[in-house]
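Visitor: For the protein sequence lines, the chains are P and V, in the order given.
Quick note on the numbering used here: the first sequence kicks off at 53 and runs consecutively.
Quick note on the numbering used here: the second sequence kicks off at -1 and runs consecutively.
Read the hints as simulated data drawn from the structure, not as lab findings.
Fair warning: there could be bad hints in the mix.
[Unchecked claim] Computed beta-carbon distance windows for the label pairs:
(1) V/Gln508 to P/Asn99: 32 to 42 Å
(2) V/Glu429 to P/Gln290: 31 to 41 Å
(3) P/Pro56 to V/Arg666: 19 to 29 Å
(4) P/Lys280 to V/Asp503: 24 to 34 Å
For each residue, glycine too, the CB sits at the ideal point set by N, CA and C.
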Amino acid sequence: MARPAPAPLYTLRGAGSPLNALHFGCCEGDPPLLFSGSGQGSVHVWNLTTRRAERVLKGHSGASVTWLNMLYSRDALISQGRDMRVCLWDLAEGRSDVTDALWTGSVGFCRCSLLETGPGRWLLAHAGEAMEEVKIIELPSKSPVCSLIPQAKLGMVMCIKLWQPDSSPGPLLLAGYEDGSLALWDVSQRSVLSRAAAHPEPVMCLDFDPAGQRGISGSSEKRLASWKLDGQHRLQLQEPVALVNPGISQLCIRGDRKIVASAGWDHRVRVFGWKKLRPLAVLQHHTDMVLSLAFSDHQDPRNRMLAAGSKDQRISLWSIYNQGSSDTG
Amino acid sequence: MMQSLTPDVEVRLSVGQCVRTLTTSKEKEEVTKTLHTLTSYLDDGPQSTITSAQRAEFSRAHYTRTLQFLISNINADWLQLLTVAQCTELWDGLFLRGPPDQTLLALMDGISSMSSPSAGLDRLVSILERFLQSGRLTVLLWTRCQGTGLSDSPQLRETLLSRLVALPDLTANQLHHHNKTLFLPQQYYPLLARDMLTVLERTCQALRDRKDCSLTFVAQALGKACVQGHSALVFGVLAPHLSSCTLSDMVWQRVCWKLLENVPERWLESVLTGMVQAVNRPDALSRIMGNLVLKNKKAQFVITHKLLLLQYKYETRVLSILLGYLAQDRERRPLLIQVLRSLCQAWANPSAVRHTPLEQQLYVSRALLLCVGLLSDAELQELRSELLQCMLGGMQSHLDSSVVRVRRMGMVVGECLSSRMDVNGAKLKFEYEHDEETEELLSLMTPLSEEETELLDDRLDLPQDVKGKTVPSQAVPSQAASVAQKSGADPDSELDSDDELTPYDMSADQEMSQAAPPRYLRDCLEAFLSSEDPVRVDLSLRAIEGLVRKNTSTAREVSVELSKVLLHMEDRYNTVGFLSLRQAAMVALTVTDSVPVTEYLTTEFYSMNYSIRQRLDILEVLIMSAQELSQPITDKEGPSKAIQRVTMNTPLYPGDDPIHWRQVVERRIQSKTKRLSKGVTHPPAKPTPNRYAPVAGHFFFPLLRNYDRPQVTFDLLGGDHLVLGRLIHTLGLLMHLAVNAPVATQMGRALLDFVWAVRYHVDQMVRRGVLFAVCSVFLSMPSQSLLVELSDQLFETRAWLAGMTRRMWLKRAQSRCTCSCSVCVNLRTRTHTHT
Chain P
53 MARPAPAPLY
63 TLRGAGSPLN
73 ALHFGCCEGD
83 PPLLFSGSGQ
93 GSVHVWNLTT
103 RRAERVLKGH
113 SGASVTWLNM
123 LYSRDALISQ
133 GRDMRVCLWD
143 LAEGRSDVTD
153 ALWTGSVGFC
163 RCSLLETGPG
173 RWLLAHAGEA
183 MEEVKIIELP
193 SKSPVCSLIP
203 QAKLGMVMCI
213 KLWQPDSSPG
223 PLLLAGYEDG
233 SLALWDVSQR
243 SVLSRAAAHP
253 EPVMCLDFDP
263 AGQRGISGSS
273 EKRLASWKLD
283 GQHRLQLQEP
293 VALVNPGISQ
303 LCIRGDRKIV
313 ASAGWDHRVR
323 VFGWKKLRPL
333 AVLQHHTDMV
343 LSLAFSDHQD
353 PRNRMLAAGS
363 KDQRISLWSI
373 YNQGSSDTG
Chain V
-1 MMQSLTPDVE
9 VRLSVGQCVR
19 TLTTSKEKEE
29 VTKTLHTLTS
39 YLDDGPQSTI
49 TSAQRAEFSR
59 AHYTRTLQFL
69 ISNINADWLQ
79 LLTVAQCTEL
89 WDGLFLRGPP
99 DQTLLALMDG
109 ISSMSSPSAG
119 LDRLVSILER
129 FLQSGRLTVL
139 LWTRCQGTGL
149 SDSPQLRETL
159 LSRLVALPDL
169 TANQLHHHNK
179 TLFLPQQYYP
189 LLARDMLTVL
199 ERTCQALRDR
209 KDCSLTFVAQ
219 ALGKACVQGH
229 SALVFGVLAP
239 HLSSCTLSDM
249 VWQRVCWKLL
259 ENVPERWLES
269 VLTGMVQAVN
279 RPDALSRIMG
289 NLVLKNKKAQ
299 FVITHKLLLL
309 QYKYETRVLS
319 ILLGYLAQDR
329 ERRPLLIQVL
339 RSLCQAWANP
349 SAVRHTPLEQ
359 QLYVSRALLL
369 CVGLLSDAEL
379 QELRSELLQC
389 MLGGMQSHLD
399 SSVVRVRRMG
409 MVVGECLSSR
419 MDVNGAKLKF
429 EYEHDEETEE
439 LLSLMTPLSE
449 EETELLDDRL
459 DLPQDVKGKT
469 VPSQAVPSQA
479 ASVAQKSGAD
489 PDSELDSDDE
499 LTPYDMSADQ
509 EMSQAAPPRY
519 LRDCLEAFLS
529 SEDPVRVDLS
539 LRAIEGLVRK
549 NTSTAREVSV
559 ELSKVLLHME
569 DRYNTVGFLS
579 LRQAAMVALT
589 VTDSVPVTEY
599 LTTEFYSMNY
609 SIRQRLDILE
619 VLIMSAQELS
629 QPITDKEGPS
639 KAIQRVTMNT
649 PLYPGDDPIH
659 WRQVVERRIQ
669 SKTKRLSKGV
679 THPPAKPTPN
689 RYAPVAGHFF
699 FPLLRNYDRP
709 QVTFDLLGGD
719 HLVLGRLIHT
729 LGLLMHLAVN
739 APVATQMGRA
749 LLDFVWAVRY
759 HVDQMVRRGV
769 LFAVCSVFLS
779 MPSQSLLVEL
789 SDQLFETRAW
799 LAGMTRRMWL
809 KRAQSRCTCS
819 CSVCVNLRTR
829 THTHT
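Go ahead and model the full structure; you've got the sequences and the hints to work with.
Guide: Dropping the structure here:
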């Protein structure tokens, strides 16, 4: 008989609104931090040692924060909000100021994607003013690199993922569109390399594993699509994974490429083995849709937790598959 | 002058002379010479002067007397004069070379007449041993076959036969612990069988040489050995040889048939049963027996009736051999059909279903299925109407039974028959749990191929195989999660790194319903009464138990109405776990508001237009509520338990319960463990106040009203045994739970009164219930009031119990009844000593 279903390590309450974005900041320094973006435009900085919110950052004028990341260090936060802005924060030495802001013009829900191209240089992909447009700019200079608009009518861009492959000189971008199709862009060529109709419904989220050249995407249906890139950069759909309940808001592959987690509209987080997409666990705790997920980047693998933010205004933290198969949640 | 004497006179004079010499002489030379003279009458040495006529005369008239003389003088002085070699040569030789039948008689007489430990006895025993070892029995049987010297009297023949067959008994009686291993039945009867085989072989040879032989004596010996219970040993040797010898040789076959024909009728049955059990294939039986069933009435009765319908101890293998034998020959086919008819009758007979032991019914079912499997299509066509009638009648009487195994047997046989008859392609199909028994029955329908019959002995292992196959099928209830698991490219096909990540239990991952669960009891009630929305009804059903337990005051307001709705509720939307949810809700209501709800339920139990299922539901709800109420009152437990129930939604039906495997294993071990005394390990529970005691009467007494008032749809004392049985069980349980309650005495008296009326009910389930109820009365009533209040009933009950126990022991069949009966008697005695 299987082990009993795991329970969360602890939960963080007090965000006061649905949690749309999560990001761990554990890689350097103590204590480990967790940033969370709420539906009311505030960013909470959680101290995971005291399990309290250390600071609350308000910079998106009450519009929902949809994406969070870090630039140089965890003192340089970057956040995306529904107020059509991307903000850069300076959190060093107790400051909490917005140092720079960028107008995206996107009214959609598409989360940005950040790629480090060199020391102190990044590429940021974000949805543009036109519905199906993806714009790529360079940071910190904010100079636009290109704008990617598909020829075909694919509808609004829903989710993107930017990465630098070993094989080609320029970065590649995966984008999921409203009509359920996925497109692979060569950023330097500004051209679509390949397209696949992964879902009949809009693609809600995707994640890609550059090392394995495989990815997974979710939609509002009762299945996850999994696909891979062959040597010629062609998207090939693979066997889908059936779900019990429909709707996925975020997918997250852990850094060690062992497991992938899905944030379900059915209040549950599902964990699959990444190799074969075998269902491993169903994390049941929240009482409303799970909106966001993040895996910790802590140096010690045993402290690499999974955080799940939900519409029920809570963040649950789970310790799952951290040290071989023997650990329990 | 001497020459003119006739041989008989001459021999008589000579033998007389010898005897006189031996009696008087003390001289070694003379004794040796005399013994030589006597020996020379037995076999013709090269320089023998004895004519064959003289030898014949000696064997006929003087041999036995000579031996008797020798035995009676076994301790004489002259015997000591001889050397050991001379003794063996002359003295023993006289025994071993003469006519073996006379020797055997003389030896057996000698052995039984001698006092137990003595040198003479030892000597005779060793001679008998050598007699057997040197194959003299073969000679004995063979001389009888040749028909020479058949002038002997029937008495002599009878004596010889009984000595021959009872040799192990006679020697054991005389020798006690000093018996020789050769005389033990395990050694002796196979020896006898081997001698018989040699004789049969010689007979075959003689027949080929066109000489006449009589097998009467061998057949009698065989019959007698079998009737004395040694058929297994004898046929253990005979059957394999006969079956291999008859394979190609017609003469052997004829000899076998003749042998069996010559077995006297009174011994035929044991010979046949022995043989049927010893052969391993139907065609072997057919070769050995020939058409004996057609020629011999007794054999026919035994084969077609007694072994199939009256006895039921034989293995399935034997059955298939028997029926296969009947099916093998065209002339015997009519017998097969006759057998089928009588099997049908026996199977379908309602009285047999009710009164014969389960094992016999199983046996008859097996035989019936085997028989049907052997029929050809043409025969089936001919018998169709009869089979159909049998099937329909039999199914009805089986399905009426309250014993699960009987019902299941009926279903399996019905399915098999219908599939064999193929009524317009329509087949019966029942839902029942598969176990070893049903699998075995089902497997009987597929006729065995040649290779399989070759290995008929291996079929004994079949149940194990079947068990191995069935276990995985019942392993895990299918869950939504496991579907998801399967659809991922099959995970077990190759090694991969996911395997090191052990999955957690994902059984809780169920479909989410869109709607929110109702928050008020009245919403639930409304949903049940008027909603056509499956989701709403489903949610209400899941929520209601928790709501009832949380809001007791509201629950009291609507308790009866809600109970009514729940009792009449049907599973319209195929809700998962419907029965357990409904039951849990009703139990919660009964617990919360005991008096009005029990009043309602107990009244409804006896009213019109309820199905059996609903009445049983009422009883179950009453039992479970009583059980819950009877838990000791503790301060903490109440609310936390209720809340746990709300959140967990524990399934109450055992089938729906995913019990941890450890618990399952533990329970299995417990059930297989026999405890000789349980009393010491369980000290009697300490009386603590509980919520049941004050309301026990409300649960109990209304159920005793009206049981004898039959309704159109419900006749408790008539056809509805099942409900009656469960009612009595329920009453027993309610009584048991009321231990230490003040009302227990009245309850006990009422219960005894009630069960008294049905104590001789035809249905064993009802009788078992009565026993259970009586047990619980004895256990739960305070012992001081037991004697005071129930003194007269007590004696009657005791007499009834004693009678019941005795009858059960005689019948042996319904062992569970017997068990509980003796338990009951023990209890009685205990309470007696108590008071």
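Visitor: Run every hint past the structure and note whether it holds.
Guide: Going down the list of hints, with the structure as the test:
1. V/Gln508 to P/Asn99: 32 to 42 Å: Holds - the Cβ-Cβ distance for V/Gln508 and P/Asn99, about 36 Å, lies within 32 to 42 Å.
2. V/Glu429 to P/Gln290: 31 to 41 Å: holds, 40 Å
3. P/Pro56 to V/Arg666: 19 to 29 Å: holds, 22 Å
4. P/Lys280 to V/Asp503: 24 to 34 Å: holds, 31 Å
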